[in-house]
Amino acid sequence: MSSVLRYEALILTVPELTADEASRLESQFEQTLTQHKANPISFERWGKYHLAYPVRNNDYGVYFLSRFEVTNKDGLQTLLNDLHTLFAVKNTELVMRHVICRLDANASLSYNRPDSLEEAPARDVDTFLKENKMTGIGGRGDRFRSGRDGRRRDDDQYEEAAIMEEVDQDQEEA
Amino acid sequence: MARKAKLKVSTRLLRKKARRSSFSTGKQCRFCSSDAQEATLDYKNGSMLRGFITERCKILPSRISGNCARHQRALATEIKKARIMALLPFTSSHTL
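Line order of the protein sequences matches chains U and V.
Numbered according to the working numbering, the first sequence spans residues 2 to 175.
Numbered according to the working numbering, the second sequence spans residues 7 to 102.
In isolation and in its complexed conformation, chain U is listed as follows (with noise of 0.2 Å):
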């Protein structure tokens, strides 16, 4: 059996976290674990996700993921107990959720997560009409659109209201 503890942890931060902000954070993360003898093994950004619910009043947040292993399990639980402290006191404005878990010893690192906001591929108005069956500005559901009687306009009627409006306006302008 190995004597090598793993961990993980996922922050969630606020969504307008700025670059210096997640440095200043990551290197506050690693230098607890340093204090402790801990060997930090990864720190990623997931990036910006939109969140299942509001947490304080934010729709969107970005997450974190960071990993380390412990090897002096004397002083584990004051690492654990300093890294709450991090995450929920000194940084209780930027930090909004976290949660550390252990990881299994004989257990892969990969793992999956759903792709984040900056991941998914920036879809232009077009697209999203065409993937939702909709119609822009001047096409066949603004043709069709209903009058003010409430009727749909066919071909013709909307012709002919058109030939009329532009009637009407040469009236005025003589």
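No wet-lab data here; the hints were simulated from the structure.
Check each hint, because a few of them may be wrong.
[As the list claims (entries may be wrong)] The list that follows gives simulated cross-link-like pairs (lysine-lysine, DSBU-like), each with its CA atoms no further than 30 Å apart:
#: 1; chain 1: U; residue 1: Lys-91; chain 2: U; residue 2: Lys-74
#: 2; chain 1: U; residue 1: Lys-91; chain 2: V; residue 2: Lys-87
#: 3; chain 1: V; residue 1: Lys-87; chain 2: U; residue 2: Lys-49
With chain U held as given, fit chain V onto it using these hints.
Positioned in the frame of chain U, the structure of chain V alone reads:
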């Protein structure tokens, strides 16, 4: 000579008997099938966990999902962790 009274068997019982004697296999725990499937049982894998909650966002019972007791317990724990981290909703009607 007294005739034997024939007991009337209800249709529901007949259907139940037929269902039990049929050759259809029961539900299988998908996480028991392979180690690769078991490795996907993780709180970070929100898209997979979404398949085990109802439209009201309640945890699906094992009699419907077919999970074994061990994996149902693990699944419930992972769903609860994912809810805390806002990867899964607690309810379908979250408001600000």
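Checked hints:
no. : hint                  : result
1   : U/Lys-91 <-> U/Lys-74 : holds, 25 Å
2   : U/Lys-91 <-> V/Lys-87 : holds, 23 Å
3   : V/Lys-87 <-> U/Lys-49 : holds, 19 Å
Figure legend: structure checked against the earlier numbered hints; every hint is met.
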